[in-house]
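Residue-level listing of the chains:
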Amino acid sequence: MAVTVSPERDVVATPVQRAFREALYAGAIALGLFVLFIGLRTDQNISNELILVRRWGLLALVVVLTAVGRFLYVAYAQPFAASLKVADVATGLLPESMATRFFRLPYFIAAIVIAFALLVLAGSLDGLLGPDLAGYARFLRALAIIYAVASVMFYFRSFIHAHFSALGVSALALYPVIVVLTLALYTGSVAGGFQGSLKWVDNFGIQILIYVMLAWGLNIVIGLAGLLDLGYVAFYAVGAYAYALLGTHFGLSFWILLPAAGCMAAFWGVMLGFPVLRLRGDYLAIVTLAFGEIIRLVLINWREVTNGSARISGIPKVSFFGLMSFNVSDPNYIAKVLNIATSSAYYKIFLYYLILGLCLLTAFVTIRLRRLPVGRAWEALREDEIACRSLGINTTTTKLTAFATGAMFGGFAGSFFAARQGFVSPESFVFLESAIVLAIVVLGGMGSLAGIAVAALVMIGGTEALRELDFLKRVFGPDFTPELYRMLLFGMAMVIVMLWKPRGFVGSREPTAFLKERKTVSGSFTKEGHG
Amino acid sequence: MNAQASADDLILQVEHLSMKFGGLVAIGDLSFQARRGEITALIGPNGAGKTTVFNCITGFYKPTEGMITLNKRDGSTYLLERLPNHEIPARANVARTFQNIRLFSGMTLLENLLVAQHNKLMKASGYTFLGLFGFPSYRQASAESIDLARHWLEKADLVDRADDPAGDLPYGAQRRLEIARAMCTGPELLCLDEPAAGLNPRESAALNELLMDIKNSTSILLIEHDMSVVMQISDHVVVLEYGRKISDGNPQSVRTDPRVIAAYLGVDDEEVETVLTEVGDEDVIEQLDTGPDAAHGPGNSASMMAGPVSDTVEHADEGERVTVSKGASKAAQVDARSASVAGKPAPVAKKAAKVSTAKAAPKKTAAKAAAAKADSASKGKQAAAKPAAGKRGGRK
Ligand SMILES: Nc1ncnc2c1ncn2[C@@H]1O[C@H](COP(=O)(O)OP(=O)(O)OP(=O)(O)O)[C@@H](O)[C@H]1O
Ligand SMILES: [Mg+2]
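Top line first, the protein sequences correspond to chains H and P.
No gaps in the numbering here: position 110 of the first sequence is 110 in the working numbering, and each next residue is one more.
No gaps in the numbering here: position 48 of the second sequence is 48 in the working numbering, and each next residue is one more.
These are calculated hints, taken from the structure and not from any lab test.
These numbers come from a predicted model, not from an experiment.
Each hint should be verified, as a subset may be incorrect.
[Said to hold, decoys possible] For each label pair, taking beta carbons as the anchor points, the in silico distance ranges come out as:
| # | chain 1 | residue 1 | chain 2 | residue 2 | range |
| --- | --- | --- | --- | --- | --- |
| 1 | H | S524 | P | E38 | 40 to 46 angstroms |
| 2 | H | V270 | P | D160 | 41 to 47 angstroms |
| 3 | H | R278 | P | G23 | 23 to 29 angstroms |
Even glycine gets a Cβ: it sits at the ideal position worked out from N, Cα and C.
All chains should be modelled from the sequences, with the hints used to inform the complete structure.
If you want it as structure tokens, here you go:
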């Protein structure tokens, strides 16, 4: 069946013919890609020898699946999408009509009913359906809740868009309260509510907010000043170790050490800034990356001070502004003072509000700074450094202040991180952390606080949520650990978002001053900066 | 009248400025002056070194040699070649625009003009600290800066688009915005690098108007290829070719200067030839004889001139290396021609007078032109005849 591929053939070929051909190509490519990845695998046998395991069956399955998938996509999905005009050709976005078709009142009611029924039956699900089906039912419940929430958001989309910041801040402020109340109702006891809230407040709330804060701090360096910094985690580490060391050795309180840690980090920001002032773009990125690694290696190897990989533990907890403590043994333990039941959830909730406060401080300062000459100079620097110099802006100090300010917020986040963990070790400050924070900034849209917060929510919340997908174990067998696929999904999400919105969630820029009306500046005009 | 100009009339004095990039002499021993309240045009063929002169004045390049003095209205004097880049606009109040427009394209027009007022606002915001806490003094300064921005937007006829991104403007408007932005720094000297490049006639006329308006408060140094703009608005023209000054004077005198015409249009080979043979100047003929191409007959006069001219150029520059291809400088060819003519006094006196200003002029030529110089000076002709171009003559 030797056919020469000519341009006319494409025109004449029916979708099925075309799909068949493309499926063959896709299969061939998949075979080439996966023959070593999936087809062969090195393993150890009983006598600890390295052996090669061949998995031709699995390979064949993957290749066939790829080919079939491509076939179905080209033969049916593409014509179907085209006939529905699903994707807007110009923007690549789903048109409004698609969303209205997806979010409908009957579906919404159904979702609510399902979610509610499954919530009520929660305790007896296992008994009713058996463990396997109960897992699926819980997943269905989660989907129904997400769908219901999404519908509400879609219905009020213009309102949400108009009041995004206010809504976001109040949602964040109410989050622990809602979680505790919901769980208290669910379990039927206040103590149960607090106990159950631990996971939601700590793993989701605090974790996400730490990344929001880091990303907002890095946003100053990358999003505003356009200086590509790949070693941001170094300042996080400086802040964490500053609090850990000074807190454990001198017993100083968090409230003194927080600004101190910020100052230390800012100092190191300037230290890093000086040698890299002349560098731009890729070169700057490489040097900052090296700086991050240097700090980590120092932390590992300077054992006398940092205790190396053995970590520093016993970091004092944050006190409630010195009035109440969160140590059960202390006389002014919060539960004793307020006469309530002992629970570790209080500390977590307190930490949640603390990091929320720090985040809001970061946002406030960033918003203020953008409207001040220094912030405008940062953005101008990102746009054109030569023009800046021709206007009498001292680019040296401008860059250094950007590094220092960004680093300071990294330091704040670091000292908070140390206080929350109770220990610090160099493993927390690997390059991957810098990369994740950078990814959040890029994904959110450089320079946009709201976009970055949403990106942090999606990225960190999403990867945390993957831990919840235990039912997948029933599908793929007990060896399957969804957490291990977090980074894969992280990467896939990044690729998709970047294809769909190359400038991040919020690609446009809010001007810092206006004469007549405030118009957002389209992302196609702003520059990313070259160093 | 230039001869009488006192030091405080001069806003900018460039003396013996040289800029070398490796072996390439982009500017060779250039001296000129710009007077306060005037538009001084710097013209020359492509690659003559005009932008390099600007880069030296505004601190983007550190000149290899020479002195650039700026006299401010308040009497203070700055040596620009010693100031760091960003302090030249900040302290010496010299602003500039760029040949390839450099706007902050992702910022609005208003923001572009506010960035230009950075130093002033920085002080008012107490180096950020007072501004961070919203002190009223900063709020007032910020309102004033917006007023100034509005003022220049109106002058540049851009106020309707104040809240649009600068990158969204048409080309001509971007040029005007860049000028407005430079003006927002409150300069005493404004350096414009080809502001009319790429403008249509209507935009060009609007630009002229804007420049004439700016001229009332600020002296302008202008690079321009568009002769109509130069002739219309400039008070004083300096012509560069291959990094050397070949002419300096008012627009009319420069326009008729054969060296300038030659630099722009090329010398008519036959004309040179006839002049040379007609004059029978011994020096030139001698040079012709020793020149490499002279042996091949007088057919190709451009290359025929090559040997002697390049020699004298090097000679005049005290042995510095010139990578200009031999015989490339059209003005130098005119020099050589004029040199031969200078022997005959009356008919060519005017031409010879201009020759004397040329840095590249051979020393012999300068000497020969001396008589003619005196002649035209007595006629009250200006800069062209003034010995300002002489090595020590730059200082008055
Ligand atoms: N940074 C540099 N490094 C090396 N050579 C340079 C540099 N800048 C300028 N030159 C050289 O100096 C000479 C003068 O360049 P310049 O840009 O000043 O010319 P110009 O008169 O502005 O020309 P145009 O009318 O085309 O703008 C050119 O030969 C150019 O290649
Ligand atoms: Mg130029």
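Subject >> Numbered hints the structure breaks, given as an ascending list >> reply: Violated hints: none; all satisfied.
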